[in-house]
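*Asks:* Here's the letter readout for the chains.
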Amino acid sequence: MSHQLETAQHPASLRRVAIDTVSRVEGHGKVTILLDERNQVRQVRLHIVEFRGFERFIQGRPYWEVPVMVQRLCGICPVSHHLAASKALDQVVGATRLTPAAEKIRRLMHYGQILQSHALHFFYLCSPDLLFGFDSEVSRRNIVGIAAAHPEIAKRGVLLRKFGQEVIHVTAGKRVHGTGSIPGGVNKAVTLGERALLLGDIYQIVGWCRDAVHLIKQLHAQNPALYKEFGVCRSNTMSLVGPDGDLDFYHGSLRARDGNGGILFDGVDYRDYAEHIQEEVKPWSYMKFPFFAAFGKRNGWYKVGPLARVQNCDHIPTPLAEAERREFADYCGGMPTHAPLAYHWTRMIEMLHAAETIKDLLHDDDILGDDLVRTGERATEGVGVIEAPRGTLIHHYRVDEDDLVTMCNLIVSTTHNNQAMNEAIRQVARRYLDGREITEGLLNHIEVAIRCFDPCLSCATHALGQMPLAVELVDAGGALVHSLCRNGDGSIGQASA
Amino acid sequence: MQPGVVVFAIGNRSRGDDAIGPLLLERLGSALAATAHSGEFELIEDYQLQIEHALDLQGRRLALFIDAGCGTPAPLEFYAVGTAPAPVVRNTHELPPQGVLDVYRQIALAEPPPAFVLCVRGECFELGEDLSQPAKAHVEAAWRQLALLCAQPDAALWRAMVTAKNPLQNEICDGPIQGA
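Chains as they are written, first to last, in my numbering: chain S, 619 to 1115; chain L, 60 to 239.
Be careful, since some hints might not be right.
So the derived label-pair ranges between C-beta atoms look like this [as the list claims (entries may be wrong)]:
| # | chain 1 | residue 1 | chain 2 | residue 2 | range |
| --- | --- | --- | --- | --- | --- |
| 1 | L | Gly187 | S | Trp682 | 11 to 21 Å |
| 2 | S | Val899 | L | Gly187 | 16 to 26 Å |
| 3 | L | Thr94 | S | Glu683 | 53 to 63 Å |
| 4 | L | Gly187 | S | Pro901 | 21 to 31 Å |
| 5 | S | His981 | L | His96 | 51 to 61 Å |
| 6 | S | Pro935 | L | Gly187 | 39 to 49 Å |
| 7 | L | Ser89 | S | Gln836 | 50 to 60 Å |
| 8 | L | Ala215 | S | Ala766 | 26 to 36 Å |
Stretch by stretch, here's where chain L covers chain S in the computed footprint (C-beta under 8 Å, at least three residues) [claimed, not checked]:
| # | segment |
| --- | --- |
| 9 | 767–774 |
| 10 | 927–938 |
Just so you know, the hints here were simulated from the structure itself, not pulled from any lab data.
The beta carbon of each residue, even a glycine, is placed where N, CA and C say it ideally should be.
Let the hints inform the model, and build the full structure from the sequences given.
*Replies:* Right, here's the structure in full:
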C-alpha cells in the first residue's frame, strides 16, 4: 500500500500550497501541498493542527463523572463518547450484562445519534458539492445555497436532524450534556408519551431516509466514472459486527478485512484491541496513525466508518437497508470498493438502517421498563467500543481504589482514517492538481475527498470571529506568489505578490 | 403555551471562556425563576448553532443569541441580526446566527422573528480551563446588559440598545450606537 507523496525528496526547493483551515469538516485541519517548478505535486499532507489533550484532562476525575464529561470532547457526536465511556465503565462496576431495558434505551439513543449525524453530513456538509459540482460557484456551495435551489431537500435535512435530536432528548434526558447513560445502565426509561411522540414521526423519517439513499444512487448513476474513481485508496477495513456478522453500531466484536475483502481477523473481543492495533506518531501531525500490529505500519493501515461497515458486515438486520446494501454490493461488482465518494452512499444506507431500528425499538415495550441498572464485582479497568457515526470509537480507562481515573486512552474514529484520508487527497492532488494552475475549485476537490470521511478533527470549541481559510502558494525561495483568503465575513480575497 | 422569547447560549463549558454563554444562560434561568416573566422565555444551550435551531424560532416574537467572541470588542457587543442573506458558510460544523435565520426563511417560507446577538469577548478557550480573569469581568458587564434586555423583551427597545452593527453585514443599525 503506497505512501507515495507523503514525504518529498527535497522539500526546500518546492512551492508550498496550504489549505488552512479545511472548511465544512468538524474542527480544524490543514492540507499542505508541495509543488515543483512545473506545478507537479511532490508532497501532500493532511495536518491536524489542534491538540486534543482530553485524555489527561479526564485523569483524576471520579469515574462516574466520565460519561458526562466526555461529551464535551465533541459538539457533533457527544452521544458516541457518552456511550463508549459508559460501556467501558460498565466493566468497572461489574455490569457484565445490562438489563434489556437499559441496552435498548442506549441503542435507541445511539441510533438517534447516527441518524442525526449522518443527516447533517449528507444534507448540510456534502450535498452542496454533490448537487452543484466540486468547482461550482463557491458562494452557492453551502446549506443556504441548497435551501434556495433544492428547498425540499434542505427541509428534510433539517427535520431529520431535529428528529434525531428528539430521540437523544428522550433517552438522554437533555438536548446537550445528557445524563441518561450511567455505568451499569441508564437512569431514565422512555415514557408512553415520549414513545407516542416519536412514533408519530418515525414512518415519515424512514421514508425520507429511503429517498436519500435513492438520491445518492442517482448521483452515482449520473456520473459513474467520477464516483468510482475519485480519490480511490485501497486499504484494509475494520468495524464491529454483531454475533451473526450483522451490522451493529452499538455492540459486537472486531472484524477486519483486506483490500480484496478477505478476512484478516474476526470475532476479536474489543477489550483486546491493543493486541491488534498500534499507533504510529509522525512529526508533522498531532493525530496518530493506527495500523494492524500483525501487518506493520506500511501494510496495516485501514479505513473505518460507513464504507468499511457496510462492506464488512454479512447483512443488515432491517429489510429496507439490507435491500439497499445488496444493491450497493451488486453495483460494486461483488468486490469491495475503495472509492471515497461511496462513503456517501453507504452513509445513507446506514441512516436508513438507523431509522428502521429506531422504529423497531419504539415498538418494543422493553424501553418502557423500570429495571435499568446492574452492578457486580468491581474491576479496575474497562474498554468500551462502539461504532460512532464516523467509525470505530475506543474508550479505555483504569480506575483506582478511590474511584478516580488513573489512565484514559481514546482512539477516535477519525484517527483510524488518518492514513486513508492522506492517501485519498494524494490521489486527488495527483489527478486534478498536477501541472495546473491552482484555483479555489481545484482545491475544493481536495476538501471534497476529506469530507467523504466525515472527519471530526477536534473538539467543540468555537467563538464568533474565527472562521478563516487561507491558501498560499510560496515559490522555491519562500516568497509568496499567490494567495486566496476566505474572510470571516464570507468574502474571498485574492492577492498576488 | 410556547414562550414568545427564545434565548440561545452557545459554548462548551469545558473550554475556558467558551463557557461564557452557558454561564450567562444559567444565571438568567435562576433569575427568571424568581419572577413572573419566566413563562415568556425558553432557554436553549448548545455547543454550536446548527440547522435544526431554525425550528426553535417558529412561533417566537423575539430571539437572542449569546456567544463568546474571539477578537471581538470588550467587554461585549450587542447587535441586531439583519435581514440580508448570510455570508457564505465556511466551517459548516456551525452556523452563525444569521445563517440560522436564513435556514428559517427557507424552511418556514416566512420572515424569522427579530433576532439579536450578545457577543461577549473571551480570551482563552483551552480545554479544562476556568473562565479567564478578563472574561469574568466581561461576564459581569454582559449580565447587566442581559438583565436589562430580559426586563424589557421588546424588539423596538432592544434595537434602541444595540452597541454595534452586525459585523457580518454592512447593515445600518436603526438604533443609537452606545458604549457597553
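*Asks:* Take the hints in turn and mark each one as holding or not.
*Replies:* Each hint tested on the structure:
For L:Gly187 paired with S:Trp682, a C-beta distance near 19 Å keeps the hint of 11 to 21 Å intact. Hint check: S:Val899 to L:Gly187, Cβ distance near 23 Å, so the stated range 16 to 26 Å holds. Between L:Thr94 and S:Glu683, the C-beta spacing of about 33 Å breaks the proposed range 53 to 63 Å. As the Cβ distance of L:Gly187 to S:Pro901 is approximately 26 Å, the hint placing it in 21 to 31 Å holds.
At about 42 Å, the CB distance of S:His981 to L:His96 disagrees with the hint of 51 to 61 Å. A hinted range of 39 to 49 Å for the beta carbons of S:Pro935 and L:Gly187 is consistent with their spacing of about 41 Å. Restraint check, L:Ser89 to S:Gln836: a C-beta distance of roughly 52 Å satisfies the suggested window 50 to 60 Å. Taking the beta carbon of each, L:Ala215 and S:Ala766 are about 31 Å apart, inside 26 to 36 Å as hinted.
With 3 residues having a Cβ less than 8 Å from any Cβ of chain L, the segment 767–774 of chain S passes the three-residue criterion, so the hint holds. Coverage of the segment 927–938 of chain S by chain L is violated. Counting CB-CB distances below 8 Å, 0 residues qualify, and the rule asks for three or more.
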